[in-house]
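*Asks:* Chain by chain, the residues:
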Amino acid sequence: MKKNTLGIFGLFVVIFLATAILNPDFVSGYNLQNITKWSSLFAVISIGVAFVIITGGIDLSIGSVVGLVAVVMSYMLTIEGFSPSLTVFSMLCLSAFIGLVHGLLITKARIQPFVVTLCGLLIYRSLARWLTDNQSLGPIPRDDQAGFVNKEFIEGLAAIFKGKIPITETFNLPTPFIFLAVIGVMAAIFLNRTIWGRYLLALGNNEDAARYSGINTDAVKVIAYIICSLLAGIGGMLFAFELNSVQPAQTGEFFELYAIAAAVLGGCSLRGGEGGILGVIIAASVIRLIYNSINMLGISSHLEFAILGLVILCGVIADESIKSVMAKRRTAQVNAAKK
Amino acid sequence: MGDAPKPLLEVTALEKQFPGVRALHDVDLTLNQGEVLAVVGENGAGKSTLMKILAGVYAADSGSIRLEGREIQIRSVREAQAHGIALIHQELNHASNLDIAANIFLGNELHKTGFLNREQMHAEAAGHLQRVGLEFPTNTQVADLAIGHQQLIEIAKALSVNARIIIMDEPTSSLSQRETRNLFEVVNDLRSQGISIIYISHRLGEVMELTDRVVVLRDGENAGELVKNEVTHDAMVKLMVGRDLSQFYQRNVTEPGEVVLEADRLRTSAHPHCELSFTVRRGEIVGIAGLIGAGRTELLQTIFGVTPTVGGVLKLDGRELSPQKSVEAIDAGIALAPEDRKQHGLILQMSVRENANLPRLRVDQKFGAINFKSEMDVAHETVKKMDVKTPHVEQVMQYLSGGNQQKVVLGKWLAMNPRLLLLDEPTRGIDVGSKQEIYKLMEQLAASGVAILFVSSEMEEVLGMADRALVMHEGAITGELGRDQLSEEAVMQLATGSQRAA
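Going line by line, the protein sequences match chains Y and A.
When we follow the numbering used here, the leftmost residue of the first sequence carries the number 5, and every step to the right adds one.
When we follow the numbering used here, the leftmost residue of the second sequence carries the number 3, and every step to the right adds one.
Keep in mind the hints are simulated off the structure, nothing from the lab.
Treat each hint with caution, since some may be false.
[What the hints assert, rightly or not] So, partial list: chain A residues that the calculated Cβ filter (under 7 Å) puts toward chain Y:
| id | residue |
| --- | --- |
| 1 | 345 |
| 2 | 348 |
| 3 | 360 |
| 4 | 363 |
[Stated by the list, open to error] According to the in silico footprint, chain A covers these stretches of chain Y (three or more CB under 8 Å from chain A):
| id | region |
| --- | --- |
| 5 | 146-155 |
| 6 | 193-199 |
Every residue gets a Cβ at the ideal spot worked out from N, C-alpha and C, and that includes glycine.
For reference, chain Y alone in the conformation it holds in the complex:
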C-alpha cells in the first residue's frame, strides 16, 4: 500500500473510533449500512474523476451528468415506457458519449478542461430541467404512467441498484457496494496493470515526453474523460434508484466537488501523474464518515463544509510535507551512494 493510502486509512480509523466511542449508536447496523451505501455511491463517481485528474485535467460536469442521467433514465422508464434494458444501455452510451465529446474538445479543439466541463455542468443541468419542465420524477412508474407495463422489470432493476444483501441480523450489505467493488477492481487493474494505465500516469507527469515516446496522448486522454463520464452516468442511475425521487434542479448538485475532494484527499495531485484507486475509495468513505460523524456527535450541520475543507487542507499539507521529507532523504541517499 502506498504511504499516502496508509495515511488516509489511518484518518478513517481515527474518525471511526472517535465517533464510535463518543456515540455508541454510530456502530449500529443501520448506521453502518447507511455509511457503506453513501460511501460506495460517491466512491464510484470519485474513481471516475480520479482518472481525469491523473491526466492533469479536471471534470466539473460530474454532478450535472449524474443529474441528467437520473432524469433521462426516470423519464424513459416512467413517462415514455421504454424497455428498461434499452434504457440502461442508452444511459451508458449517453454518458460515454458526453465523455467522448469532452475528450475531443480538450484534445482536438485544445480547449482547457476546466472550461469544457464547466460548460458541460451548465448545459446538462439545464437540459435536465428543460426536459422535465423542472418537475421531480422517479424511476419507478406509477400506475397511470406509460412505463407501468414494465413495473416488475423496473422493480427488479431497483433491487439490483438499491438492494440489500442480509449479512447479519442488523446489517445488510447495500448493492452499491458490490458495484463499487467490481468497478474499483477493474479500475485498479486498468490503472496499474495495463499499458493505458501506465500511459495515463506518464502523460499526467509529462505529456511531451510521453508523446516523444510514441504514446498517443490524445487518445489516452479521451479514454480518461470517457471513463469519468461513464462512471458519473452509472452513479446517476444508482442515485436515481436510491433517492427514488429525482429533482432535475438539485440531484447531483455539487457532487463534482465531493468527487474531486475525494480524489485529491485520496492522493491524486491536480498537477497530474499521481494517484491510486484504493486511496480514492477510502477518501470518499472518509468524506461520508465526516458527514455522518457530524450528525452523530450533534455538531451543527452548517459546519459540515468547514470541517470537510479543513480535513482536506490538512490532508494535502501533510501529504506535501511527507513528500518533501522523502525527497530530501532520497537525495541524501543518492549522494551518500556516490561518495
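Add chain A to chain Y, keeping to what the hints say.
*Replies:* The following block gives chain A in isolation, referenced to the frame of chain Y:
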C-alpha cells in the same frame, strides 16, 4: 590595468548541490577590475550554476564571495544588482511587447509616488543605449529588434543599474558574425571604462580573441587557469576534458553502408521556405552544426514525426515515410533522444524501470496487459548495458545525474533496436565521464550498423565524432563538410552564413 593588487571579486570554496548531482565543489574564482575573464568548460561543467550564484538566481550551499575584499551575501537578483553584478542570460528574457526604455528599467522603474516618470526614463535610456553603441529611438518595441540588438539592450539594462561586473552567458550562441563583431567592440569599450566582464562561451576562438585570462571548470570543479599566451585551443580543451583528445573522441571511421535516411527537398514547418536534402548511411555518424535557432532541432523533430513535414520527401531504407506522429517514426525504426531531456526525453517522476520501457510497452503486451516480467528484465538489462549508476531500477529518474538520465533515454530507444538514431545535443549537461561513455556508445552503435544523425552546439563534439557534418544557417543547409574538411573555422563560416559552400 597592470598587476591589480586586490581582485574586485573573489570567490572561494563555493559548493552547490542539486538533487542527485553535485553541481559545484570547492570552486575558486577571482576577477580583477576592468578584466575580461573567460569561464570555459564542457556542458554541465558548472559554469552556468556558478554564474547564477553570482547573480543571485541560486544560493550557494557554502563558500564565500568577497567584493573588494569585503565578504558579501547574495540572496537574490536584487541583492546581486545592488552589489553591481548583472547577468545576461543565454536566453534573452525581455518583455518584448514593451519598448526599449521600459525594458531597460524593467523592475527598476523611475516613478513619482507610483506614477511612471516616462520622460526621465526615456532620457536616461538614451544615454545607456549610447554606451552600447545603439541609436534606436527609446520607444522602439523590443520585438522589432534583431537578436543581436536585443542582447545589447540587456547590456544597457545592466549599465542602468550601475553594474560593475557583467556576466555574459554564451552571448554569441545565436548571433551572426557581424553581430558578434559588434558585441566584441562593446565588450572592449566596457573594459576600457573599467567594467569587469565574465564571458562564458563554447567558442574557443572567441575566447582566445577577447579575453585576458581563462578559468576552466570540469565536472563542477576548478580544472585549471590559463593566462595570456598560455590561452591556446588545445590547452583549453585538454583542461576541459581532463585527458588527451585522441583518447576522448574515439572514432574509427569505416566505409558506410547503404543509405538509411534520405531527405529530398524536405521542408519543415519552422523554416518552410528552406529545402533540405541529405542522406545518412548505415554505420555513419553525421553531425549537424549551426547556431541556436538555425533549425537543427526542428529538422530532427520533423524526421521523428513530432512536427509534420510541410513538403518534400523523406525516405527510410528507400521507403517513403512522412510521419504525422512520433509513433509512426518509431514503428519505422527511428529513435530520438531530444535536446531537452527533462521536458521531452524522460518522465522524471517515474522510475528507471518505467522510463526504460515506455516506448516498448506497446509492442510487448497482451490485450493491453503489461508483461511485468519482461519489463523488469529489460530494465535490468538497460542498467547493465548502459552502465547506469542507480541503486536499483525502481529509483525515480529525477534523483539520477544528467549523465545517467541520458543513458536511460538512450537505453529506452536501444530496446527498440532502431535503424536510425537521432541525437539532439546528446551530451548537454552531463559530466565528462558520462560524455565519453556516450561517445563510445555512439561508436559501437555505428559499428553495429545503426545510422546516427546528431545535432551539437559543441564544436569539439562535431569535430571529434562526425564522419560528415551538415552545417545549418537560418533553416538552410549551407554546407557539408567531410571529416578531413572539418575545422572550427570552416564550420563557423558556414554556420554564421558568411560563406556558402558550393
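*Asks:* Determine for every hint whether it applies to the structure shown.
*Replies:* Verification of the hints:
1. Evaluation of the residue 345 (chain A) hint against chain Y yields a held restraint, the C-beta minimum of about 6 Å falling below 7 Å.
2. With its C-beta approaching chain Y no nearer than about 6 Å, residue 348 (chain A) sits inside the 7 Å limit, and its interface hint holds.
3. With 7 Å as the threshold, the beta carbon of residue 360 (chain A) comes within range of chain Y, its nearest partner Cβ sitting at about 4 Å, so the hint holds.
4. Taken as an interface hint, residue 363 (chain A) checks out: its beta carbon lies about 5 Å from the nearest beta carbon of chain Y, inside 7 Å.
5. Note: the region 146-155 of chain Y has 0 residues with beta-carbon separation from chain A under 8 Å; the three-residue rule is not met and the coverage is violated.
6. Against chain A, the region 193-199 of chain Y contributes 3 residues with a C-beta closer than 8 Å to a partner C-beta. That satisfies the three-residue criterion, and the hint holds.
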